[in-house]
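All residue numbers for the sequence shown refer to this note's numbering, where the first residue is 6 and numbers rise by one.
If you are wondering where the hints come from, they were derived from the structure by calculation, not from laboratory data. No false leads were slipped in.
Below, in silico cross-link-like pairs of lysine to aspartate or glutamate (EDC-like), each with a Cα-Cα straight-line distance of 20 Å or less:
| id | residue 1 | residue 2 |
| --- | --- | --- |
| 1 | Lys210 | Glu178 |
| 2 | Lys61 | Glu50 |
| 3 | Lys207 | Asp159 |
| 4 | Lys229 | Asp171 |
| 5 | Lys75 | Glu40 |
| 6 | Lys190 | Asp176 |
| 7 | Lys61 | Glu48 |
| 8 | Lys120 | Asp260 |
This one's a predicted model, so the numbers in the text were calculated from it and none came from an experiment.
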Amino acid sequence: MSTLAPIVLFVYNRPHSTRQTLVALAANELADESELFIYADGEKENAAIEVRNRIKEVREIIHEKQWCKKVTIIEADKNKGLAASIISGVTEIVNKYGSIIVLEDDLVSSPYFLKYMNESLNKYAQCEDVISVHGYCVPVNFKKSATFFLKGADCWGWATWKRGWDLMNFDGEALRKIILMSGKKYEFDFRGTYPYFEMLEKSIKNELDSWAINWYATAFVNNKLTLYPSQSLIKNIGTDDNATHKQDNYFMNVDLNPEPVTLVDIPIFESSEARKLISKYFFRHSGLRRRLKKIFHIGY
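Let the sequences and hints guide you as you build the complete structure.
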């Protein structure tokens, strides 16, 4: 295998999930050959004592063993916030190393996550149409191939190259205008089944501390693709009370792929079948379906 990409993990104040994330990562094939950078965010001003204690416990956990071949820990003195921490950390590492694998402190990985990410980074390194690689997939019955492409980008166990991150547009209003002018708001919202555009607008108004919606929008407006596994290699466990952004449980109800992913050549364009299946999944589990069913008495 070619040079392994550095792994970056962002942690804050969730000791239980941080430990699970690190234990799973350390059990990965290639972990003992990989370099890990851990960014630990700092305390907010006037943080409650229980929050300070959790931050302290997280920092004890990240220091307690050699989780990968080499571990570098960067501890912030003050709180940056999730978005600022990720943006600065990703930028620093990807600019230095040329590629990057990114995790947060609520993501448990399959033992073959690193293998899949590194092989995919190497396979598509020179493919300008591909902006990133993702390790998570909603539980849909996609059996056509072990991987597929979707337009856009994602944030639960992902990887990219410097050329991909260089496209990142932090101007949410500019992205919003491009989407509206292109007439692709419905497509941006995954056939109207998930409120991505609403998230973008909330981020613009500072009602949502999210870097990920800009990442998705950047890839979308540039017609860039992300590679996904047909069965998830990542499980999100961030449902505890300390989660910065609580997630809908239907996203978390996945079984990790117990087998390594075999990469084969697939057409480098979006899989219409995968988009349709995921759109149906979003619709079935979203408030949209419940509202429409109540109004129109429909099923799906």
